[in-house]
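Novice: For reference, the chains in residue letters:
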Amino acid sequence: MEGNTNYLEITIGAVLVYNFVLSRFMGVCPFLGVSKRLDTALGMGGAVIFVMAIASFATSLVYQYLTTEIEFLGHHLNLVFLKITLFILIIAALVQIVEVILQKLSPPLYKALGIYLPLITTNCAVMGAASINAQEGRGILAATLFGTFSGIGFALALLIFAGLRERLELSQIPRPFQGMAIALITAGILAMAFLGFSGIC
Amino acid sequence: MGTTILVAILFTGVIALLLGIIIGVVSKLFSVPSDPRVELVLGLLPGANCGGCGKAGCADFAKAVVAGECPPNKCPVSSSEQVSSIARALGIEAGSEFRQKAVVLCGGDVNQMKMLTLYNGVSDCVSASMIGGGPKSCAYGCLGMGSCARSCPFGAIEMINNLAVVHAELCVGCGACVKTCPRNLIKLVPADSEVHIYCSSPVKAPLKRQVCNVPCIGCRKCMKSGEEGQFEVDGFKIKVAYDHQPLPGAEVVDAASCPTGCLLTEKQHLAIERAEKPVVEEEVAS
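These protein sequence lines map, in sequence, to chains V and W.
In short: position in the first sequence from 1, add 17, done, that's this note's numbering.
In short: position in the second sequence from 1, add 160, done, that's this note's numbering.
One or more hints might be untrue.
Claimed, not checked - Taking lysine-lysine and the PhoX-like style, the derived pairs with C-alpha atoms no more than 20 Å apart in a straight line are:
1) W/K223 <-> V/K121
2) W/K381 <-> W/K399
3) W/K364 <-> W/K381
4) W/K384 <-> W/K234
5) W/K347 <-> W/K427
6) W/K234 <-> W/K347
7) W/K427 <-> W/K399
8) W/K381 <-> W/K215
9) V/K128 <-> W/K223
10) V/K121 <-> W/K188
11) W/K215 <-> V/K128
12) W/K223 <-> W/K234
Unchecked claim - Residues of chain V clear of chain W, computed beta-carbon distances all greater than 12 Å:
13) I29
14) L59
15) L111
16) Q152
In case anyone wonders, no lab produced these hints; they're calculated from the structure.
Don't be surprised by glycine CBs; every beta carbon is placed ideally from N, CA and C.
So here's chain W without its partners, still in its complex pose:
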């Protein structure tokens, strides 16, 4: 009995040792020389693999940065300190910085918009837009099924009262949601902008009024209240001119007193959606 235990231990030990040696030799023989700088940059990147830079994940981006194909500030997630630490580590220019965030330009939640049909199909915006356009009557508004919220790698989009609302403090501007929205409601805007016109419908004001309580009717009150060039006419609605500096602030919203209430700061917009009660609890998309 004693010898059996001894032999078993010895036997297993010898085989383990042999295998260990073989692994060691093989990994030496077949070692792939990799650039240590790629590992270094990869360590400094956030590792979210969001694809916001246009590359297939953080590892691919790190390779491109080391190869000099891409400046480190192309990563929309990294803060400016992270970008400069990557640039310092490689001894290259960080590149000029322009940060963006996403905003859903629609204010039509379940309370503000008339319902057209009882939609029983697949709970996905793309599917709904293919079949008759979902439950809401505005053909240009948010479908409210949260395809954008599911596509966001950072959980920055919340569905409140069947309306997508972007939380600016969480959004990094990777643009994943922009591609998802079948109605093209989501725009990338400068990160320091705070006032938006929450309407994207290009139809005439009376038609919009029939289906929605908070459309932009193109009355130009905001244009008169703000500085020259802060807003511009876009068909039958007004839009914020995001290229123009300075961008409109909260005082413009107060001065304009938008008659429909589609000109809002982000904080006001969020507060309104939070305060409203959903009509049916079931309809608050998870």
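Next comes chain V alone, as it looks inside the complex:
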């Protein structure tokens, strides 16, 4: 599989064409939750890139062993159906470990990302990246690249949206549309704008 991987698709494609929030509609909860201010969006975006990259790496590593048939007491078993359960376990544990290590080794990075890390342990965008990697049967390198660039795509969408919402705060909005209503409408229009990238890879 490694040989004929379309690297354009898993880098530029993951950021723009198959953007996690705006095309696949995953991770919409943090997208709406932490996009009120630009600086929190930046912290969250950084944390997502970080977690998605390491989660993709770890899950693709484990998945290689999971797909092979194992022989147990004379029965041939295929444990691929355990994919989601195992991914949840691994990602959650991994983020915990990274959080603890980060706190010790790099306090400034922990201070910047720390409060966002527990938020995304079981985020569906992170889960989705691991799941898509497994579905496409990507190797470790391709999977990690895809995870990193999907995270960058998420961060990009989050930053654009946070900028828009900061402007929305100061504009006069008709009463029925105030708050979450206008935020969702804006997100929809933003998703339509990203539709323009479809087909480039």
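On the provided structure of chain V, position chain W as indicated by the hints.
Specialist: Just chain W, lined up with the frame of chain V:
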């Protein structure tokens, strides 16, 4: 089929156990020694993260208190019991206490003040003060768009008839609103003061009268009614001398019978604003 279930359970169980052990070992290896006293102080603090102490949130303040950089009474939100419990827990002096509250020194609501323009811009005091000064004609009065009310972490400021009114029982004196007001109308005053002159305009009395029904015209009736030193002249208006003890009480307000009605106790001020009907319902800022 049975073996598959068994193996799946075993497999997941073993992996979960392994991950659990790894997390346990890692958190032991990479544990950061933190001062248990910081946690203790943080537990005793209100946790509002208002920044009234000058630190970035309660956790930062707790660190400063434990390090001895800051006395525990610097927290404007904690009651004296909370402060003394922190001091007891650490075995240090609580520091002398001086409680304050905020007051908006303007009485110009929509009924009392002439309107200058129809303001259609951004509903925010800072923006309005940059563009021509908002809808009201007094260039020194409350803009009535509630920037202070939005900045208050305790919800102590209510916008009534397009005028900001501080509820003294909710205000802790953190000073967040003082920095917000573009017209510098909000002052921190001693918490036990109850009489204020609700006007901050420094212009001459006839000019004030043209735009507002309740300005301070500097007639000094209050100075004659109160004790010596309770009020002082400040340009073309009078102000309460908050440093002077005793502070004027409700009896001074009755004795002075302020001709414009800007000398009021907090209760009277609130009662007046509550009783008045807003001119247009739309204009009551949320």
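Novice: Would you mind marking each hint as holding or not holding in the structure?
Specialist: Checked hints:
no., hint, result
1, W/K223 <-> V/K121, "holds, 18 Å"
2, W/K381 <-> W/K399, "holds, 12 Å"
3, W/K364 <-> W/K381, "holds, 17 Å"
4, W/K384 <-> W/K234, "violated, 38 Å"
5, W/K347 <-> W/K427, "holds, 18 Å"
6, W/K234 <-> W/K347, "holds, 18 Å"
7, W/K427 <-> W/K399, "holds, 18 Å"
8, W/K381 <-> W/K215, "violated, 43 Å"
9, V/K128 <-> W/K223, "holds, 15 Å"
10, V/K121 <-> W/K188, "holds, 11 Å"
11, W/K215 <-> V/K128, "holds, 16 Å"
12, W/K223 <-> W/K234, "holds, 13 Å"
13, I29, "holds, 34 Å"
14, L59, "holds, 17 Å"
15, L111, "violated, 8 Å"
16, Q152, "holds, 20 Å"
The structure does not agree with the numbered hints 4, 8, 15 stated previously, though it agrees with the rest.
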